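Novice: Residue numbers (the working numbering), protein chains in the order written: chain A, 1 to 142; chain B, 1 to 820.
Among the hints, a few may not be true.
To be verified - Which bits of chain A does chain B cover? Going by a derived footprint, with three or more residues having C-beta under 8 Å, they are:
#1 34-45
#2 58-69
Unchecked claim - Looking from chain A toward chain B, a few residues come up when the C-beta cut is under 10 Å (computed):
#3 G73
#4 K100
#5 N106
Unchecked claim - The following label-pair restraints were derived from C-beta to C-beta distances:
#6 A:A110 - B:G63: 55 to 63 Å
#7 B:D717 - A:A110: 30 to 38 Å
#8 A:G53 - B:G436: 37 to 45 Å
#9 A:R50 - B:Q89: 48 to 56 Å
#10 A:G53 - B:T117: 34 to 42 Å
#11 A:A110 - B:Y521: 29 to 37 Å
#12 B:Y521 - A:N106: 35 to 43 Å
#13 A:N106 - B:G63: 54 to 62 Å
Rather than coming from a laboratory, the hints here were simulated on the basis of the structure.
Since this is a predicted model, take the numbers as computed values, not measurements.
Glycine residues also receive a C-beta, built at the ideal position from the N, C-alpha and C atoms.
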Amino acid sequence: MSRNFKGFALLCLLLALTSCAAPVRLPTEEGPVVYDSQPAVVALLSDAERETGAGDLDRAAAALERALRIDPGDAMAWHQLAKLRLQQGAINEAISLANKSTQLANDTPALQRANWRLVADAYDEKGDTAKARRARERAFGN
Amino acid sequence: MARLKRRMLLMVVRKKSTKSKKSKKARSGLFRGLLLRAFFLLLVAAVGYVVYLDISLRKHFEGKRWALPAHVYARPFELYAGLGVSRDQLVAELTALGYRPTKRAAGPGTYALNNKTFHVVTRAFDYWDGRQSEVSLEVRFDGEGVSALRDRNSGSDIPVLRLEPRLISSISPAHHEDRKLVQLHEVPEDLLTALLVTEDRSFMTHHGVDPRGLIRAVVANLRSRALVQGGSTLTQQLIKNMYLTTDRTLRRKLVEMVMAVLLELHYDKHEILEAYINEVFLAQAGKRAIHGFGLASQYYFGRPISELAVHESALLVGMVKGPSLFEPRRNPERALKRRNLILETMSGEGHIDADALASIKQRDLGVTPRPAASNRYPAFIDLVRRQLQDEYQEEDLRAEGLAVFTTLDANVQAAAEVAVKKTLASFEETRNVKTGTLQAAVVVARVDNGEVVGLVGGRDTGFGGFNRALDASRPIGSLVKPAVYLTALEQTDQFTLSSRIEDAPVSIQQQGAPDWQPQNYDKLFHGEVDLLTALSKSYNVPAVKLGVGVGVENVVDTLHRLGVDKEINPFPSLLLGALELSLLEMTQMYQTLAAGGFRAPMRSILSVLGSRNEPLSRYALSVQQTVDPAPAYLIAYAMQQVVRNGTAKALNKRFDAELALAGKTGTTDGYRDSWFAGFSGNYVAVVWIGRDDNKPVGLSGASGALQIWANMMARLDLQPLNPIQPVDIEWADIDQQNGLLADRGCEYMTNMPFVQGTVPQDLSPCAGGLASLDGLKLPKLDKPIERSDIKRWFKNLFKRKSNGPSAKKNNQKPRIEDRK
Numbered sequence: 001m002s003r004n005f006k007g008f009a010l011l012c013l014l015l016a017l018t019s020c021a022a023p024v025r026l027p028t029e030e031g032p033v034v035y036d037s038q039p040a041v042v043a044l045l046s047d048a049e050r051e052t053g054a055g056d057l058d059r060a061a062a063a064l065e066r067a068l069r070i071d072p073g074d075a076m077a078w079h080q081l082a083k084l085r086l087q088q089g090a091i092n093e094a095i096s097l098a099n100k101s102t103q104l105a106n107d108t109p110a111l112q113r114a115n116w117r118l119v120a121d122a123y124d125e126k127g128d129t130a131k132a133r134r135a136r137e138r139a140f141g142n
Numbered sequence: 001m002a003r004l005k006r007r008m009l010l011m012v013v014r015k016k017s018t019k020s021k022k023s024k025k026a027r028s029g030l031f032r033g034l035l036l037r038a039f040f041l042l043l044v045a046a047v048g049y050v051v052y053l054d055i056s057l058r059k060h061f062e063g064k065r066w067a068l069p070a071h072v073y074a075r076p077f078e079l080y081a082g083l084g085v086s087r088d089q090l091v092a093e094l095t096a097l098g099y100r101p102t103k104r105a106a107g108p109g110t111y112a113l114n115n116k117t118f119h120v121v122t123r124a125f126d127y128w129d130g131r132q133s134e135v136s137l138e139v140r141f142d143g144e145g146v147s148a149l150r151d152r153n154s155g156s157d158i159p160v161l162r163l164e165p166r167l168i169s170s171i172s173p174a175h176h177e178d179r180k181l182v183q184l185h186e187v188p189e190d191l192l193t194a195l196l197v198t199e200d201r202s203f204m205t206h207h208g209v210d211p212r213g214l215i216r217a218v219v220a221n222l223r224s225r226a227l228v229q230g231g232s233t234l235t236q237q238l239i240k241n242m243y244l245t246t247d248r249t250l251r252r253k254l255v256e257m258v259m260a261v262l263l264e265l266h267y268d269k270h271e272i273l274e275a276y277i278n279e280v281f282l283a284q285a286g287k288r289a290i291h292g293f294g295l296a297s298q299y300y301f302g303r304p305i306s307e308l309a310v311h312e313s314a315l316l317v318g319m320v321k322g323p324s325l326f327e328p329r330r331n332p333e334r335a336l337k338r339r340n341l342i343l344e345t346m347s348g349e350g351h352i353d354a355d356a357l358a359s360i361k362q363r364d365l366g367v368t369p370r371p372a373a374s375n376r377y378p379a380f381i382d383l384v385r386r387q388l389q390d391e392y393q394e395e396d397l398r399a400e401g402l403a404v405f406t407t408l409d410a411n412v413q414a415a416a417e418v419a420v421k422k423t424l425a426s427f428e429e430t431r432n433v434k435t436g437t438l439q440a441a442v443v444v445a446r447v448d449n450g451e452v453v454g455l456v457g458g459r460d461t462g463f464g465g466f467n468r469a470l471d472a473s474r475p476i477g478s479l480v481k482p483a484v485y486l487t488a489l490e491q492t493d494q495f496t497l498s499s500r501i502e503d504a505p506v507s508i509q510q511q512g513a514p515d516w517q518p519q520n521y522d523k524l525f526h527g528e529v530d531l532l533t534a535l536s537k538s539y540n541v542p543a544v545k546l547g548v549g550v551g552v553e554n555v556v557d558t559l560h561r562l563g564v565d566k567e568i569n570p571f572p573s574l575l576l577g578a579l580e581l582s583l584l585e586m587t588q589m590y591q592t593l594a595a596g597g598f599r600a601p602m603r604s605i606l607s608v609l610g611s612r613n614e615p616l617s618r619y620a621l622s623v624q625q626t627v628d629p630a631p632a633y634l635i636a637y638a639m640q641q642v643v644r645n646g647t648a649k650a651l652n653k654r655f656d657a658e659l660a661l662a663g664k665t666g667t668t669d670g671y672r673d674s675w676f677a678g679f680s681g682n683y684v685a686v687v688w689i690g691r692d693d694n695k696p697v698g699l700s701g702a703s704g705a706l707q708i709w710a711n712m713m714a715r716l717d718l719q720p721l722n723p724i725q726p727v728d729i730e731w732a733d734i735d736q737q738n739g740l741l742a743d744r745g746c747e748y749m750t751n752m753p754f755v756q757g758t759v760p761q762d763l764s765p766c767a768g769g770l771a772s773l774d775g776l777k778l779p780k781l782d783k784p785i786e787r788s789d790i791k792r793w794f795k796n797l798f799k800r801k802s803n804g805p806s807a808k809k810n811n812q813k814p815r816i817e818d819r820k
């Protein structure tokens, strides 16, 4: 399945510059995280990004939930939802969602590190410095 | 007709003109004076009454005209490249939505299926997060499903779009008036024409009442010797329907005329016509009254009003005269005659080409064989209403015209209903049980987000009544056991799946209760077994020993973390499921297990829109990690073993081993409750069978509930259960006879997962190990033991031997298989 989608994503890339199915790039300090989502999910992730940009976090979350209904195994969609929840102040939930994304992102260590950074930020916000430190170690450790 | 529309646009709201007259001339004479005074008084009273009518009329017409029912929708069908549905499945979905096959897909709600191409024109629909507009689509398929979607107008690829959701229920006002408001621009011109030529020819010009029309109607009716036309104007009919009773008195008729004139003074024709179209009564379905052409179109044709052809419009207009007399499903011939009469009238007025008329008259009525039921899934709607109650008043649901978007998947629901009905009927037949005595309930949810996609509250699925999925609290029996074993496996320094436990008679002392000697289901004791076997075979004694050993209060804590909100007493009997829970609560518990410890509350609602499509509320996905990944992985593996070679192995015959399904059977004392809870990668479902009078049903979990579960799941598109292996899990070959490391020389070797660092260190004798089995002998438990004794005994027993240095540690490393 995922091979097919990788192929599809590649094909779409070759068809060039269509916004439909470029792999999602998550800009981070260590460079972009590339994750191969299926085209429908990519479209919804970019909807979510646009809504977040427009300040409508609820709509963004709705788009991400729609993406997860289509592919519950998409680690990037879970990561984006974690980010959104953190923005909305739902700290514990953000941590849970980031952990879920980490589990699913076995093939994408860069996304796992992005999740650990998010978890570290979340614990910082909770004032739990010990856990924040541990998460940060994992983010930069492996 | 175009002229008519133009006129309507030009129509200006007429301002109220007050008429007041005064009599000036007072003449002498007592009698005349009195007469005049009386007349004056009468006039004042009449004017007063008219003013009163006027005020109440405007108040009603300008306010909320109707109490609008809440409409409840199933989850929408998401169409995207990569979706694993066949052409036939897509056609079935479109058919369910009332899409029509045509030669060339032209208008919304049509599709065209040729050898090479599949064209669909979708309907627009307003969702919580915005409008999905109408799209003219080309759908391409490959061997695996939908391969591409293209917008035929722009030529561009469409990554994903939603079809409009199925309407599954109306929560109607107390008087059971159901309607779906439409705006005039949605109504086909043919329908308006048919309505005006039939009911009120001079509607566009009269002032509410039409004396000439009345005479014309009488003449026309006499000529055709039938009731072709009515005397009342549409405005009068509207007044009658909206404000007045149906009694035929002269006084009522007069009031009706006055109010009709008043209405025309205040409002333009456009508004009056739109109100009429939404008000008119068109059908009675049981208690439910179908009002308005918008809902009638759905009720008779299963399609939105904008998609009606001329003969369909004529049929609906024909029914205005006598909704029950011309009911097309019951009286098709009469309805056809009436329809054709209207078509002829339209043609006579030049609205239908004389040549076309003959062929239009030949057309079938086009009515669907059965209307979509207004409340097909009462048990699910019951859940929706309960979850809505937190935010909405009952009156709002019945009156505010809300659109409620739910998680229901009509296909899953259908599979669950069929499975319940057929399986119970076959049990009753083969087991000689009195028909109708067995009851069952089912909840199906999506694993990752807790969305309830199907819910059956009893075998009579069309009837609301007692909701066994929500309101029947029954002892859960062995369904509790995964929580017991999970509690143990979370103590990674104490327990692994290969930990040994003796299945032998035991007596538990309980405070304030007689000693308890738990029995196994098969009344046998199986000697020393590992946890994996004890769970997969659902042995009772090991579960009790283990639960007492880890602490019943810790098991209670686990149950809470898995999502059971109810207060639970930590009695040892809990360990065998002496705990009464509803099916929904059980589904929550198993959702958490199925999702690897990520609990997502059971949800049935996604969002709610107001009557003008304004977003009101959204029910967001919420996820909490309540079990660590490694123990969650171990317990899921153990539950897969239940299916592979434990109490649920009957499923092997029905399902591909690749699906790697997981589950747990449950049977309560005297076979009163038969349970099965299980999950694939995408669905978690719990099934219960029992009787309302709590008498035995004579079915175990495996022989009863499991069968419904299997019959239902076999109809669904299942994803394999492939739990993500956490980084701290490793695999080892274990000799199940003694729990030691095994190799190919061992007869009872099995490969099982361990939390890193907990793999047994010693080799089994069959693998060349030197370990003496004597050292592992367990104490005989023939005398009653205290709970604290059991705890101590357990602590000693399960102290891992890896603490001591082992010479073989490095060169005898267990074979680790990286399973994914």
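Novice: Each hint: holds or not?
Specialist: Here is what the structure says about each hint:
Interface restraint, the segment 34-45 of chain A with chain B: holds (6 residues with C-beta to C-beta distance below 8 Å; minimum three). Only residues whose C-beta sits within less than 8 Å of a C-beta in chain B count toward coverage, and the segment 58-69 of chain A has 9 of them, enough to reach three; the restraint holds. Interface hint at G73 of chain A: satisfied, since its Cβ lies 8 Å from the closest Cβ of chain B, which is below the 10 Å cut-off. Nearest Cβ of chain B to the Cβ of K100 of chain A: about 5 Å, under the 10 Å cut. The hint holds.
Because the smallest distance between the Cβ of N106 of chain A and any Cβ of chain B comes to about 7 Å, under 10 Å, the interface hint for this residue holds. For the pair A110 of chain A and G63 of chain B, the beta carbons lie near 59 Å from each other, so the given range of 55 to 63 Å is met. For D717 of chain B paired with A110 of chain A, a C-beta distance near 33 Å keeps the hint of 30 to 38 Å intact. The supplied range of 37 to 45 Å is broken by G53 of chain A and G436 of chain B, whose beta-carbon atoms lie about 59 Å from each other.
The beta-carbon spacing between R50 of chain A and Q89 of chain B, approximately 32 Å, falls outside the hinted interval of 48 to 56 Å. For G53 of chain A and T117 of chain B, the Cβ-Cβ distance of about 38 Å falls inside the hinted range of 34 to 42 Å, so the restraint holds. A hinted range of 29 to 37 Å for the beta carbons of A110 of chain A and Y521 of chain B is inconsistent with their spacing of about 51 Å. Taken as a hint, the range 35 to 43 Å holds for the pair Y521 of chain B and N106 of chain A, whose Cβ atoms sit roughly 39 Å apart.
Remark: the range hint 54 to 62 Å for N106 of chain A to G63 of chain B is upheld by a beta-carbon distance near 60 Å.
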